[in-house]
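Chains as they are written, first to last, in full-length UniProt numbering: chain R, 1 to 304; chain H, 1 to 304; chain C, 1 to 304; chain Z, 1 to 304.
Hint data in this document are derived by calculation from the structure and do not stem from the laboratory.
All figures in this text were calculated on a predicted structure; none of them were measured in a lab.
Do not take every clue at face value.
Which copy? The list can't say, so a pair holds if one copy fits it or any two copies do.
Below 25 Å or equal to it, Euclidean Cα-Cα: the simulated DSS-like pairs (lysine-lysine) are [claimed, not checked]: (1) K82 to K102; (2) K102 to K74; (3) K35 to K45; (4) K90 to K74; (5) K251 to K42.
Protein chains: 4
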Amino acid sequence: GNRKHFNGHIQSLESHIVEDFRRKLKYFFMNPCEKYKARGRKPWKLMIQILKIAIITAQLVSFGLSNEMMVTFKDESLLTFKHLFLKDFKDYQMEPYAIYIKADLYNHIYFVIDRFLHLQNLTMGNLAHTMVDGRTAPLSLCKVFYRNSSIDPSNETFNIDPHIEQECIYVHPMGSVDKCLDTRTNFSLDFRRLISVNIYLSLKSINLQTVRNHELPDCYDFKIQIIFDNSAHSGRVNVVVENNVSIYECKDWRVEGTSGKNNYGLLVFDSVVILSCFASLILCGRSIINGIQLQFGNLAFAPI
Amino acid sequence: GNRKHFNGHIQSLESHIVEDFRRKLKYFFMNPCEKYKARGRKPWKLMIQILKIAIITAQLVSFGLSNEMMVTFKDESLLTFKHLFLKDFKDYQMEPYAIYIKADLYNHIYFVIDRFLHLQNLTMGNLAHTMVDGRTAPLSLCKVFYRNSSIDPSNETFNIDPHIEQECIYVHPMGSVDKCLDTRTNFSLDFRRLISVNIYLSLKSINLQTVRNHELPDCYDFKIQIIFDNSAHSGRVNVVVENNVSIYECKDWRVEGTSGKNNYGLLVFDSVVILSCFASLILCGRSIINGIQLQFGNLAFAPI
Amino acid sequence: GNRKHFNGHIQSLESHIVEDFRRKLKYFFMNPCEKYKARGRKPWKLMIQILKIAIITAQLVSFGLSNEMMVTFKDESLLTFKHLFLKDFKDYQMEPYAIYIKADLYNHIYFVIDRFLHLQNLTMGNLAHTMVDGRTAPLSLCKVFYRNSSIDPSNETFNIDPHIEQECIYVHPMGSVDKCLDTRTNFSLDFRRLISVNIYLSLKSINLQTVRNHELPDCYDFKIQIIFDNSAHSGRVNVVVENNVSIYECKDWRVEGTSGKNNYGLLVFDSVVILSCFASLILCGRSIINGIQLQFGNLAFAPI
Amino acid sequence: GNRKHFNGHIQSLESHIVEDFRRKLKYFFMNPCEKYKARGRKPWKLMIQILKIAIITAQLVSFGLSNEMMVTFKDESLLTFKHLFLKDFKDYQMEPYAIYIKADLYNHIYFVIDRFLHLQNLTMGNLAHTMVDGRTAPLSLCKVFYRNSSIDPSNETFNIDPHIEQECIYVHPMGSVDKCLDTRTNFSLDFRRLISVNIYLSLKSINLQTVRNHELPDCYDFKIQIIFDNSAHSGRVNVVVENNVSIYECKDWRVEGTSGKNNYGLLVFDSVVILSCFASLILCGRSIINGIQLQFGNLAFAPI
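If we strip away everything but chain R, and leave its shape as in the complex, we get (with noise of 0.2 Å):
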């Protein structure tokens, strides 16, 4: 009879025990909104998860749009350089931009080197030379050639030294216009081994068009690199512009009136955002911990 008794509280337990864990592993699946129709619990994770995907999407939104007014000055820059140190330079080209004439390859040349000197009178953007120790970073000149070649297609001989050699001439902008008109008259080509003509300029600019966006100007350092292609010897040269910036804080800044208003609000943006993905994180690793829980049956302690 005991042993029956015992046998059948056992089962009842028993039952008990499955009849609860069934009931908390229903519960565990529950979406939110049964979670309060079942128990009448507010879905205040399910809101704390909706904050979040809401306030992340704005701060993307937000950053794209900084962003791509980032690109947009980058771009508009190369094409601003390429006004600038080109000479005849049309934007509606379509062809690659080259030249044919040895003169034409020397007045290109000079006219970069005018454009760099006499940058700040001509320039509308916020453009100015590097400075590097206190003195401004000069446009270094540099023609590749083969070492040493006598190249004769008349008589279809030619000898010739594949070493490639570069000589560079460094052209200052606060030099003195003699120096510069030395430069001229000492610089020549020997177009047999010209390989190419590599200008190299090192510009600074400051992109204050965020600043009516209420966000902090952005300093620019652009480092142009203008090729005159000759490696083909075809009697084309083509003429490249390459463009590397790098995009840093500026050093020493003011904006005047708005100062720091704007920043606090930023500041508490932010804020709101780490707070509400640290909430997500915790709500997930007990959910996470639960479910282990439930999956190996240590459902005593488990407190859902």
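Given chain R, work out where chains H, C and Z should sit, using these hints.
This is chains H, C and Z only, laid out in the frame that chain R set:
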């Protein structure tokens, strides 16, 4: 017997009423062609509708052609303004019209002013300066800039006040040439602070073309806005021309020769349109009333 | 017995006639290949047809090539007129050729007159002035304008007479230069009333190119019309060049060397075409007659 | 008994032969993988084939790259000639390059001669005049015209001899300037008879670009033909530039530094290609012979 007779009579009456109602209903839903076959009535209502459609279509086409002439005039005027006021403007240019050199911007601005001052000697259109209180309206040359700023890209430092100010100079077309030269000497731009240069013009024109279509020419008032946009400070200044036009009847006009005669024709035509529309309205109303009467069984007074 | 025999004879005759008719009908609808197999007749009729198709195709191709040369000459001539008479005309221009400034219109008109006067020293083609009664045909410079009008867009008033008048000046290519200068000084346009300036030219040319294809060169008479269209009075004057050409045999011509020889060849070829077409016509007619005879049973005389 | 025994022996022998043949046939059609499983033979024949494919592919790619460089050089050279010898040539021109005015044609011809005479001072490529018997090859300026003709479009009369004649003037690049001026003063064209002006040039060049790929530079011989085509006599003279190029090894050459070393490498590589192709040929031949032997049952000597 009597009862039976009376019942029979009632039944016959009922069947008569039903028959009559069915006949009226059938007639009500007949098309004009069937009505003509059934009662020999000429389909004059149908002919009124067809006439109405034809004359309203004619009126629409006439209105559309007149409108197209107006739109073409507006478009051609905008093109004319671009060619008159923009230096070296080319139609087949695909890229946006932009400036890169300081001196070019000054030249473009002076070009606009020169063209405005000598407009009467240059344009072949019916363009003229606007008169305000007996004086010709001036050209407004406005520069928009940050209130205060010192920007030094070389040292990566800037101090900027994002409040925007605007300063305007007014150039009167009847002013002496000396004044204009004064304008030039006094006009200078601080490109570091400059956001944009806006030029506002006001011109009037008359679209004479419509005279040949026996319509009255309209007067046009063009508010032209030429914007040199330096807001990006990338070194590229985009030039945009905007054109707001208001069209109204001229104050005082006289068309010799065909005076009035043609307007009477138009008046008669408009009267016919109004009459036919009114007749159509009455006929439609009658038909709707008949339909309602048929629906509520009040058949005795239905005058079909 | 006799009757039976006669009937039998008749039947045999009928069956013979039917058989004969069937045979003729079968032969009539045979193709040339089957006829050759059946009776061994060579398909010379087929060969005549094939020959006819071949030579007519050759004639068509020759005619088409000759025609293409004519069309090309007309197109190239129109292009030449545009380059000769329109100032700064460019081939690759996509937009309509238009003028916006008063002085430009005068220059364009004088340019046309200059080019017309010095045509013989300029053009590389076989172009020449047209001769009328021993004198060279003049250039007609016509201005089309409203008879009377005073337009004041500033005050929004106008007084217009929509009747259109035309005034023409004639410039003779052999006239003295003084006269031409007179034309210039006396030529003035009231742009407020001006609807269009039309220039009418007449030039002659000879398409020598066909000589090398052993064809006779044709004479061309070009009626060129250059229209400066100000009808919109929008400030934009469109320039349109129209070219009416009439082609005819030259009055007096002599081609040395190959004179006649080749024309005899062409004559022989044309004769062959005519002969083969005529033979084909006769054969087709015979076939149709045979068909009709077969249809009406008049078989005895059918010569198949 | 014996007979039976012998028959049995024969049957056993036959079955043995059939079995042996079947085994050989099976082995013959095995793939390398199965052969390795069956007899443990390493698949060295397969590896030879794979090696062959790899090195032939490498050779093809190397040949293709070298060829592409050659094609690019030819194309760029043609473009260079157009820019050097055609006046006001623009890359982005869509329409054919054409001339309409007599003076323009003379200027274009003189431009070509000037550019040819001063080629060494103008071009940046390795272009040079061709030497023939120790003298530089001249530029040939040929005019092609109808032998005799008097054309009068005004009177619609012409007298033409369709025989074509050609007259040439030779301009030597080393000739004195006086002679060149003589050429100009004596050079005149009768445009009525003129069919075309052809200019023939001969230039040499060396494609140095290949040095950097450790290949030997080739010598190029350009035969350039500039045709001013007036055959249509429509007033439009089309200008066509044709370029026939022959490529050959230069007569005398020396590449310093890497002399020979790399050529030995190429020689070794080519030897490996030849050896592997030869080995592959022998193996294929052996396999075919084996197959034939198996087919004709001559199995005893089959060395499989």
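Going through the hints against the structure:
1. Both within a single protomer and between protomers do K82 and K102 lie at most 25 Å apart by alpha-carbon distance, with minima of 21 Å and 16 Å respectively.
2. For the homomeric pair K102 and K74, the shortest alpha-carbon distance between copies (20 Å) is at most 25 Å, but the shortest distance inside one copy (33 Å) is not.
3. Taking identical chains as interchangeable, the C-alpha atoms of K35 and K45 lie at most 25 Å apart only when both belong to the same chain, with a minimum of 11 Å there against 68 Å between chains.
4. Within a single copy, K90 and K74 get their C-alpha atoms as close as 19 Å, which meets the 25 Å cut-off; across copies the closest is 27 Å, which misses it.
5. Within a single copy, K251 and K42 get their C-alpha atoms no closer than 50 Å, and across copies no closer than 70 Å, so neither meets the 25 Å cut-off.
When each numbered hint is compared with the structure, a violation occurs for hint 5 only.
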